[in-house]
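As you go down the protein sequences, you meet chains A and B in turn.
If you're matching positions, the first sequence starts at 1 in the numbering used here and goes up one per residue.
If you're matching positions, the second sequence starts at 183 in the numbering used here and goes up one per residue.
To be clear, the hints were calculated from the coordinates, so they are not data collected in a lab.
Note that the structure is a prediction, hence the values are computed from the model and not measured.
Fair warning: there could be bad hints in the mix.
Derived coverage of chain B by chain A (criterion: at least 3 residues anywhere in the stretch with Cβ under 8 Å from a Cβ of chain A; other residues may be distant) [unchecked claim]: (1) 188-197; (2) 222-236; (3) 239-249.
If you only want the chain A side, here are some residues facing chain B, beta carbon under 10 Å, derived [claimed, not checked]: (4) Phe29; (5) Leu34; (6) Leu59; (7) Thr74; (8) Met86; (9) Ile88; (10) Leu91; (11) Val140; (12) Leu178.
The C-beta atom is built at its ideal place from N, Cα and C for all residues, glycine as well.
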Amino acid sequence: MTETGTRPRGAAARTGTDSDREAAIAELFEIHHLPLVRLAVLLGADDAEDVVAEAFYQLYRRWPRLRSPEAAATYLRSVVVNLTRMRIRHLQVVRKHAARSGDEQGHVASGEESAVLREDQKALVDAVRALPARQREALVLRYWLDLRESEIADAMGISPGSVKVHVSRGMAALSRVLEERK
Amino acid sequence: MSTPGADERLREALDALASGVRVDPDAYRRASAGWRRRYRRRRLVLAILAALVFAAADAVGLWALSQADPNTHVIFSDPAHRPEAPAQVDRIGQP
């Protein structure tokens, strides 16, 4: 009788855990989806929604191993940063191959970007996009999300000292671009 | 930062770019259907792999057992210890 009693309880507990996870992730999606898509766009992802959907899938899969529900936002941010970097690296390889074979296509700005950005802002965004990936990530996390160095270090998986270096090098490069435009 | 106000300009530019980004209102339904499907498929593949590994281990074990020599005793591997025949005793004489 004990066995027949435990089985439905276990199944009910599992179903309860699954529905808890579904509810928690639905809430996180509601809160963080748009900011994460924007983060992916700022980091240079061309398929930002797919990157963010992948990040939520990774969260869904690893939910039982998550330290605490509060850690979910940090985890999602970190996954988006890493996936975007990998995606850009992949695209660079693809474009290099395309350039060799002669069917290269230039970057086409989306309608939103060209409609919203002023000329100087567009130049600045282009300069940010031209930076090395780590510098770009550090600048976006620092100046758009206003994260502290320790939070940026967590998101990028590097030390706070390296964050300082990337931010200062990135800003120096942007300053040079701004000086040249004067 | 050598250019004065460059960080402010950078913030403005990033904000302007970010504010132009819109998402599909139906994104949750689409994304959640996708990740549930992938999760189910992943669990199914893992279950099939576990079953295959279990079946392969069983098959190898059965094959090894069937190849073994039935006369080889793996549990008692010492040389056979047979009780010695009682020494020949000269029973002639006193009982």
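Structure-based check of all given hints:
Using a Cβ-Cβ cut-off of 8 Å, 9 residues of the region 188-197 of chain B lie near chain A, which meets the minimum of three, so the contact claim holds. Check on the region 222-236 of chain B: 1 of its residues sit with their Cβ under 8 Å from a Cβ of chain A, so the three-residue criterion for coverage is violated. Closer than 8 Å: that is the beta-carbon criterion, and the region 239-249 of chain B has 0 residues meeting it against chain A, so the requirement of 3 is violated. Checking Phe29 of chain A against chain B by beta carbon gives a least distance of about 5 Å; that is within 10 Å, so the hint holds.
A cut of 10 Å between beta carbons decides the hint on Leu34 of chain A: the least distance to chain B is about 5 Å, and the hint holds. The restraint placing Leu59 of chain A at the interface with chain B holds, with a minimum CB-CB distance near 9 Å, inside the 10 Å limit. At its closest, the beta carbon of Thr74 of chain A sits 19 Å from a beta carbon of chain B; the interface hint therefore is violated under the 10 Å criterion. A hinted interface residue such as Met86 of chain A counts as satisfied when its beta carbon comes closer than 10 Å to some beta carbon of chain B; here the least separation is about 18 Å, so the hint is violated.
The closest approach between the C-beta of Ile88 of chain A and any C-beta of chain B is roughly 16 Å, which is over the 10 Å cut-off, so the hint fails. For Leu91 of chain A, the shortest C-beta to C-beta distance to chain B is roughly 19 Å, which exceeds 10 Å, and the interface hint is violated. Interface hint status for Val140 of chain A: upheld, as the beta-carbon distance to the closest one in chain B is roughly 6 Å, under 10 Å. Annotation: interface hint on Leu178 of chain A holds; nearest CB of chain B at approximately 5 Å, less than 10 Å.
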